[in-house]
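As given, the protein sequences belong to chains A and V, one line each in that order. Note that this note's numbering has the first sequence beginning at 71, numbered continuously upward. Note that this note's numbering has the second sequence beginning at 225, numbered continuously upward.
Be aware that one or more of the hints could be misleading.
[Claimed, not checked] Quick list of in silico lysine-lysine cross-link-like pairs, DSS-like style, CA-CA up to 27 Å:
id, chain 1, residue 1, chain 2, residue 2
1, V, K673, V, K892
2, V, K892, V, K441
3, V, K386, V, K453
4, V, K1161, A, K552
5, V, K792, A, K431
6, V, K792, A, K607
Since the hints were made in silico from the structure, they are not lab data. The model shown is predicted, which means the values in this text are computed figures rather than measured ones.
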Amino acid sequence: MLLIALTVGACDKQILDLNSLTEPVSTTFFANENELNLALTGVYNSLIRTDYGVAYQMGMDNGGTDIGISRGCAFDNLGAGSQSASTGTFQSLYSFYYIGLGRANNLLQNMQRTKNIIAEERYMKIRAEALTIRAYNYHYLTEFFGDVPYINFVASSPEEGLLPRTAKSIIADSMLADLQAAAVSLPLKAESGRITQGVALGLRARIALYNGRFAEAAASAKAVMDIEEAAGYGLYPDYEGLFQRAGEGSSEIMFIMPFKDGFLTSNFGYPLGSRNCGGYTTMAPTQSMVDSYEASDGLPIDESVIYDPSKPFENRDPRLKASLVTPQSIWAGFIYESHPDSLTYRSVNGTLVGANKDCRKASWPASFCGYMWKKYDDEASQSIKQLWSEIDFSLLRYAEVLLIYAEAKIESGQIDESVLNAINRIRARAYGVDVTNTGSYPAVTTMNQTELRKIIRRERKVELANEGFRMFDIRRWRIAEKVMPVTIYGRILDEKNATLVPQIDDDGFVTYAGVESQYDLNTDQRFPNAQNRQFNKLRDYLCPIPQSEIDTYSGFGVTLEQNPEY
Amino acid sequence: MKKKLQNLIPLSKPGIKKLLLTMKLSLIIVFLSVLQVSANMYSQITVNLDVQDKSICDVLKTIEQQSQVRFFYSDDLLVIDELIDVKADNKNIISVLDDIFLKSQLTYKTYDNNLIVIAPRELLQQQKVTGTVTDKDGVPLPGVNVVVTGTTQGAITDIAGKYNIEVPQDARSLTFTFVGTVSQEITIGTLTQINVTMAESAIGLDEVVVIGYGTQKKVNLTGSVESIKGTQIIKQPVSQTSQALVGLTPGLTAIQSSGQPGMDYSTLRIRGTGSIGASNDPLILIDGVAGNINIINPSDIDDISILKDAAAAAIYGSRASNGVILVTTKRAKTGKLSINYSNYIGWQKPTGLPKFVGALDFLKYSGESQAVIDEYAAGIISNPDLYPDTDWVKELFTENGFQQYHNMSISGGTESIKSVASISFVDQGANIINFNYKRYNGRFNTDLKLSDKIDINFDLSFSRSLTKAPSASLTYITREVFRDPPTCSAIHSDGSWGDGWQGQNGVAAARAGGSNTQLSNYFRGVIRINYSPIKDLKFSVLYTPEYNDGYNSHFSKMYQTIVDWTTKTTRNYPSRNTLSQRNEQSFTHNFNALATYNKTFNNHYFAALLGYEFIKYEYVTFGASRQDFILQDFEVLNAGSAATALNSGSATQSGLVSYFGRLNYAFKEKYLIEANVRSDASSRFASGNRVSVFPSFSGGWRLSEESFIKDLGLFSNLKLRASWGQLGNQQIRSDIPYESSIAIGSSDFPYASSIAIGSSNFLFNNAINTGAIQSVLANSAIKWETTETTNLGLDVGFLKQRLTLTAEYYIRKTKDILLPLPIPLVMGLSPSIQNAGDVENKGLDFSLGWRDVKGDFTYGAQLNFSDVKNKVTNLSGVGPIISGNYITEVGSPIGSIYGYESAGIFQNQAAIDEAPTQFGTLIPGNIQYKDQNGDGKINSDDRVIIGDPFPKMSYGLNLDASYKGFDLSVYFQGVGKRDVLLHQDAVWALFNAGKIQEWHVREFWSPENTAAQFPIIYATSSGSNDAQICSTWVFNASYLRVRNISFGYTIPKSVLKNISVNSLRVYFSGQNLFTFDNLPEGIDPLMPNNSNGSIFPVNKNFNIGVDVQF
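Only chain V is shown next, with the shape it has when bound in the complex (with noise of 0.2 Å):
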């Protein structure tokens, strides 16, 4: 077909007429389409025509006369030489564009540079294509990219997600990309309406993580970052939000140690133990201020970060040398209201108790006679409460564990306002009576736009925690049940009391001994400013008051026991009741400036960010209490004895000024330099020495960017990382008072000597009189500790990453440590801090996920590892720290386990009698010690370090899988080698009167069990030959646990579109479903170092849920 251009008005640049000369008609108007197809300008343009029964050929001439306009047609077209009326006057050249061609089959398109083709309609016009797009959840997405593909034609999402886009006849498909999913591509064929569900992807290469006063595009980080998603904590039935992070990724460690309501939260770690006496708590921010994983609710968690090397660390200075957690909230997204409601209820089991004897074997194994037991079993049968068998952890943990969860939130809004709101409730209860945790939860985040410069953040939070516990400590409870023989009654046939073990019995000191109640109250405000008064350029402002309160109610009350079931005598237990009540409440001042900065010109990135900060704390606390209530029911201080009335009280504060900055710098996003600088002072240290500065810089490589790796085909990323930095640690003392670790020194003054009020009274005429005492040595000269790390890191992605890989190595050396080297006691003080020791963790942390779509099922699998070893290399000479049975000395790990080697059981008295001197008059079965020191006699010289608290060979390995409703994931956490010391009543048989559990019988030595591992079964009290701490009692505690199962099944939309139900999954998850471990029956291996027995088991449970949105 032969086609004649005419009319061509000369374009500016004559490649582009000759090119256009040769082309086909179609073919340049697909050319002209990735011209910027524009209609703005011609908006200016006016004709005059007044024409009749001309082609519409000569119309166009006519116009192209009176404007610059030119138009672009072939004369081809039959019908360009139609006859057509026209009359404007000064009218806009679109509508009498629109006026000629009206009725024709010819249509018109504008471009830029004036020009405006002219074609058949079917070859001009557009197909329009429709859709909405939406997440997994069917919540809308707004600001989703949708391009033609291979173009740049393309549309975004509104608020309800919604696009609509026109897209060339010949085009075959739309691309959908969107931060944080696997782009997608859905070929158009006819279809007019296309909607989308955007899947997550785990490590999209455009994923953006939060990082210190900012965020950063993953791919572009040169630090060492970890980022949890919100939906991987929620999924697990957990209260404390620490113990959702356990085994989730490397580096860092969170063990969870007890499973008492309330006070089940994880201690957490990252990157091993950097101090000896100074917190070794990372630092936990909040929409980046200072607070407490624990107390929010995990529903509001939309991302938490993980700082873990020096370079992601250092913007926060003197408080990161532990690294750092960001916790961010979630935000509202602009679209309409969505209203969700979730909750989960369930049930706690602990995961192991240990199992006792019943009374007549105890009788036998303590060397009753058979005519005793005997006498004893017919009595159990005929007088049970004379001759108790009493099943003493039967009797304590008698509950069933409920729990529960709900949060209800609120999202949406306009571009100019938009909040989330959400209130939730927890309620957990225990497998012993009396422990209830409740914790009430309100958030809401509010953004404001008030210009195109100007936006606020405004967020309000509050939460309130209430802690129930009976009166005595769990500690007494659990060790009273776990060490009162069967022969001891806890409850009499008729309801009474027994008298336990000389009046201490744990379960009526549990049921009825009174109650230990704390409430914790937190409410937080948030304002920030931001102003950006030119586009790369912007400010900010933050001022965050934030007030705690706690309150804490300890009444400790009588219960009267039978002493002795013939005559009835009783006794009350304890002698005195006593109510004791403390308030305590703090505020922190928490402000920030930043100013920030970024420029892309051709290939270059720049970004700067400077920032100002102080944090000013002050706490005050006061507490009374009272004796000997006559009538306990009333829980009142004026109900107890005024001639026994107390009071007390304290106050202290603290405040921290930092200056601070960071520059990145990145040549095509292949060359990556990052550098941070803080500087500090903090008011715990005196004016000279307050102020520290601390640097860090890193750098990466993105080789899959060069060329010679992209020519491979094989990798989607490939990165190279490497920084050094250092950080401070001023955590003498706990900044926040309901953190668990307060270390040395009591005092927000560590370096002046005070004077204590107060702790050293004296009676005078039967009367108190206050006594002051200076009681440590006073050093102005301390300063901060400072860590100083340096990492290696490799990421790697394959196949358009669905399958990833990161590898690290690091060395993290603490120095300065500020430990109270001894001092002679004749000073009479106790010794200040001092910054003196080292400590170095060198460790490597490793994670591989994978990641695909295959249609309806979408799967993936993340595995994490990592594994650190601690060495203490620097003293300052003075010799190991021993403390109890733990100690720290040069060239071994903080806190070691400590005590003596066994060498084995004595078999027989031959052997007894060559042996070095042990403890006591021994016998065959009892433990032989390793005389380490050849003196012939076992004595505290020859404890060696037996080992190694800390866990090694960390790992986590989350499964998930979903088809079209279904859901499953499943969590798999361990550790590879952890040393667990128990002692006492944990494992000790017999020991001070106590009781002995079932696998004793098996695994105790006997003259007939002679390979047992464990000594034989005989009365031991302290000093005993075999009640000594020593390698035998030394276990290994590695273990794998299948953290968390959820199955969830989302009912389809159709099902739901009747009873305007956006979306709708019910869900089942377990915690700690299944241990797999080498420790004796009914121990978990989460039972703490050095127990003795008696914690509150850590629990599994077993949940239901809906997660229902509107």
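In isolation and in its complexed conformation, chain A is listed as follows (with noise of 0.2 Å):
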């Protein structure tokens, strides 16, 4: 008996000595290159997020901005001025991005260890692309936060957690920095998905103009915009099929969140879909976006001659009808109709298809404004009934590059032809034309800043709807207070006597004032951000630094600063 105790005793260390079965500790990890390429991955990872299923940027330009209007997606709050410290939005995107932080530093610091042992070329290409995507983190950080805590090292304990808030300004020069560095070491081209020097330099030009820094910005696109050749870069001549399938892996998509069957689907159904395809349309267009778009002389609709309210679709930029799906138009294999009045729907052949649920009197709250996003709204998915699709999102495309190009020459006061080259191919683009066939299309000739900036503003305000830059823009242009304390309208109820245009200012800013009894107010209580949108330009500019994160300081002794009025 003894025996079998002492046998057995000197088993203990068995036991009791044990590691995991599935998984490497760090205190060993980053040791070859296999797994630099882990943790590389690992870091890319941290670029997905969704929101309501879809990329979180939809929800930012929906939940947030004048463009769109958004039910239960995470930055609803921001439209409705409800947000507060403890809102759990601030806290998850917050912590989101000092995740995607952290697995960089640990991936930049612990992979010297590697240093002798893996080629340089290589060892300098997992760097940068690690690097970028901290910028890249940062950059989104900044824009909500402002100044934030700068961490570029692995801390070990809380207390070398406990970091002070850093200027904007400064984390700016290390992201430019970083990105400059980076795109020494990336190639031109790479497979789909990974970063690449037009990346690092695309996203550099935006950060630099972002934080006013023109020339770098312009110094940065310029920089891509000399490797368009060689990298294989461009735009896309189908606006609409760059956001559907065919647009998938095409030349203007430089950086992307991937979607793909067994790995990540988005189900835009369910935010941007159409009920009678099974979807909610819960992310939705609002009519001051379908009245940002110009008419198609190229001025905005309450200057032009050829804009008729009671065909408000038409003679429209085509961009209009190719990122939204307006009414009467096909879509899917019917008919799009959200009148109140139109209970039943029909196919593209005429035939009566049943209750229309695209329609808010049979199917409340269906899509709020009378429009639906066509962009990213997987037409072929949504033909067959399906709410799910592979389509990935775009993160960097070459129509952006462009815009940053013009709009950091235009604020630096450097007009000159390839300003207007860089906006006028977008235009053409547009139109399915040339951008040397000026007549085909409103080609921009003013060199005008003023007007010049009037334009750009347009212009990316309808380029990159429900892409999520205008949440940006319209806080680094400093004109939310202005356009997001207002009433949101529907669409013209009837149409075919309608004959008043509202009033669009230098902004942009889209008003109703005395047009307001054409539109579909929509007064239903039961949709109250809808209505009542707040902005409070004292402290909505920026977003409130979580709560949780200044009272897990406190409880170290430590203070962080709140940004102001929150």
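Taking the hints as your guide, dock the two standalone chains into a single complex.
Below, the structure is given as structure tokens:
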């Protein structure tokens, strides 16, 4: 008996000294190239975030800006001005970006263990990819929160992580430097999803622009434009198709949040899709978005003579119908109609299909303003009533680089042909014609800075709609306090007899004074943040530092400063 | 009558001689009977005789001369001079005496001290009494002590329960005693056969209870131990044993919150909730080895012990901080084989279901015009497919909830080998189609006796359970059914599926949406070798390999709904089908070696236990899935699209090594002392923090043994107990995957910062690339949570233990609770767990019992009551932990309900205008919230604690009675206070386009019903003023429930004797039959906290059964 006990006792170590069967531990990781590659993929993974089943950037546009409306996405509170330091969205976002930063820092710091065993080119490329994603995370973090704690190392104890906020401009310096360094080590072309030189430089241009470093922005954008041919960039000829299956992997898409069945599918059908196809249409464009598309003469609709309010969708910038599903247009095999009187809907060939759930009267709250986004609303999936899609979401495309270039040059007063060419290439593509074919599209010809600023802001609003740019644009242009606290209007109800046109100001802000009566006001109280949007200009240009983080700091006896008015 | 004593040979003690001289012969014989009657010593004595015509008297004298034997008789005996012939050649004295007295009126009796008494046959001859002792079920009881009352003269029943005893002529009665039964005294009179049925005693002083690694007499307990008999479990027709524990003992809370077959087990808590982050589940040991109480056959259970305080549980060290439940399965008794078959069949019904208003009322309260309603009313009659008036609940709850249970067991054997074997089957349906639970159990418990020194227990048991449910989660199905408006179709008149709410049709999902099948197999072998080299010393070694495997097949099928009845357009829902299959296997080695020593000398009793134990656990799982099955009748992966094939897998392991010991000392069974210690080492901690020691001390004082108490004649038992001890909690992650609570830290290696592979992938060139990330900050300094318990107890028995009372008070402090204390988000890692928090539970357990027998009428009552106050005492200075609608903060109970405090209902616009800013635009009838911080607006900062979800003042009352063949028992069970937060579709009217319950109409505010407690019926969605978590929706879920009524009749033996049936009982048993509570109509008081209404209600059931023994 004793013998048994002793024999077994000798095995105590075998019972207790166990290691995980599934995972390596941090102390031994980052030991070889395979492990660096695994970790780098983990860094890329930090780009992925969905809200209501789609890329979260769409939620930013619809919940938090004037171009869209949303019910149930994480940014609704920004639209309603009801956010507070304890709103979960901000803790979640703040944490999300720092997790991405932490992964990048972990790789960047610990990959040094392999410096002597990996080919330098390979080593530098991995480093460059991680640096780019680190900058990408700081970019979002600083745009949302302003000054934030800057961390570029792995904190080994909570105390080391209690960093104070660093000025946004200082962080911008680091981001720009990192991206500059990264670009050197990155290839011109790579497999899809992988960061290239163009991506690093394109993001650098964007970050510089957002931080008012116009010369650097222009230079970096120019650097991308210089490698357009070598890297194979271009504008995809079909603007509508660019955001459908056809445009996937096109020369225009430079950087993506990838979606694929079995990996991650975009459940676009719920927030964007038609209710007749089983979706909910809980993220949808507003009337002011519709009214922001120029008439086809290149003028805002309140200036254009060819705009006819009784035919509001005719003679417009083709991007209106390419980006939005407008009433009476064909969508997914049926004729879309949202009018409250249209209780039934018809297929393309005119046969009656059934009760029209895209009509608010038949299925409350169907598309609130009477429109749907077409962008990223995968029509091939919709036509088979499939609510999921594999279309990648673009995080950077060549058209944006051109717009950054133009805006940076305009703002820095260096207006030349290259600026007009950049804008006109985008406008020509919208009309499906070559940039030189100025008779077929409303080319921009003015060299006046003020005029061009108006144009470039309109251009960004329509070209990049529903891609997640508007939230930061209206903040950096300081127009959020004007465009946000407004009543949201729905479509014109009695189109045939409509005569009035809303007013559009220099910032592209659409107002409806005196013309409200012809629009669908939709006063149903069940959707309160649709009616009452708020914006506190002293507070809302920045999001609140999460209260939980301030509490954590104070738990350690350290003060973390909150943004004003929160 | 003068008597002469002659030839009384000098006895060694003169005193005795003198005494004998003065006594009447008959008295002497009685006196001698206290001496040891002996035959053994005479077997060696031989005599040589060859006499003729000599008096008996002379012959006896001759014998005395030849041997040491002395005869004792009276000269008055006339026949002593009778002449006889005897011839014996070296013959045994006994046979010689037999010859001598063969024809005589006299006879003899042998005693110790070579003394043989000669007396008339009628005086010396003892009466022979025989009989059979059985238990109340007619099963023979071996080992029953039968003694002549007032003497030590006795016998023990054999394996057939038979005894054979010679009793002196003047003996008046026999006393029958047996462990765990009421002692009986039966008058002999002229009877020569006395058959006795022993009745179980509830609180017999001799009762033995199972404790950690052993047993102990209940009177000698110093810790807090409750005991539940197997009969109390099997009385309740439930398939999950944990469910049967509800309300049976004080201090054990069993909360059942779902009626879903296979998922209708109870969450068990012993004396409150001790931990915040780690598991709060008690350690459950089945025959000494950790296991799942819900997968064993209830009929196999002999006994359940609940170790509540540290003194009782400390021997289990690091696993015992939430208390320990010891389940002991039945073992065979020596005796002829008996075969038992028992069953029940029954039907289940929800205890409550919400009732919803019909389509017309729904339209009315949704604000539709009378014209629309009138049109709809006409439509319901003429075209119900276009104008549905769907009773969703009725469409879903269509089944009769049939359940059945069968158990067959065989038991018996000889001294050297005996075994009990059983096979059982339970099949539990539900009131919703496609839900079912089946379990097959087998057990084979064998005891082998190799020699007086070595015996072996050899057990095998298996279980296979099959839980079937629709593919769509229960939450989904019930949520849809409890919210989809009556104006949506479930099933059309032609049998096609209605579109429900945007394709979501709970009825279709349950019936046609595919299935989710969980299959669990369990197999355990036990070998325990007991070796006792000398009396009082015993060694035992146990090895138990245990194997679990689980297989899950989840097939989500598409079904077609008619989107529009007019055009018959259809859609598939969900939009694609998916089959996922998963297999998991675990293997556990359990080994322990024990040495026990007991010694009683004079008034001192010592016991010591030393033990070693190790547990090693290994787990591996893998899974695979495919989508897009063109032919969805073929539920195999190969039938799906190869392009969608995915797979996954993982593995883990853990180990525990322990040394432990116990010392007991008792003086005169009056003063009792016990000490326990256990040292545990766990693989879950870094090597430096691996080992912890958990001690406990306890003492008891049996005042009833003190003469000053005894003299009062009031108490049959009076004992004071006190204990103190420490316990640990290493269940950072649950050991056993089938246990429900997986707490923080999903790893068996919480101290290491592991790099997770495969959870952070990315697509390059549209192909999945594997990613690796570190997501948790490492903290190698973590160690055990420690619970320190102080317990004071009082046991009182009156009236020969017919009335008993136990009262206990305890303080249970959990320290070093492992908490993920917040770290700066800047670090980009999730916080590691740290030993940080303290929680305190203070409580009272109380039980009162009465048991009595009046002839054929036996009855008893057992009342128990317990209450516990839970308080977080320390969170290491870090702010409250808010998790959804719960908050854990210092000074309040763990997980208090957190929300707005209602300040009533706005009665008019003026009140709205004056009030702080609420949520959105308000109308009279909306809820007003209290502005706690006075800043003029209601926001999340105004939330306060609005309830404590843990049940308070739990009580149970168990009544039972039997008369002749009839038996009746009634269990009541209830909770004096419990706050339950209900929200969304459970209680909010028209929430997110949901529907209206009938009580909403009666109890919600309206201009005509301004005193209402609840707000106006008004369409709400997340964020609406009336759709906030607030005190209005915290209900008092106190209740009293008639938990079980069993009524049985045992057919008299006289009727059965011709059909070779030993006993036959038929019975009715009903569970959860009546409930008294304050909740709105259709809401069961066991509705889980934070419920949004999507649950499977608890069932009531009605059963009939038989119990036959052959």
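Verification of the hints:
no. : hint               : verdict
1   : V/K673 <-> V/K892  : violated (33 Å)
2   : V/K892 <-> V/K441  : holds (14 Å)
3   : V/K386 <-> V/K453  : holds (26 Å)
4   : V/K1161 <-> A/K552 : holds (25 Å)
5   : V/K792 <-> A/K431  : holds (21 Å)
6   : V/K792 <-> A/K607  : violated (53 Å)
Checked against the numbered hints given earlier, this structure breaks hints 1 and 6; the rest are met.
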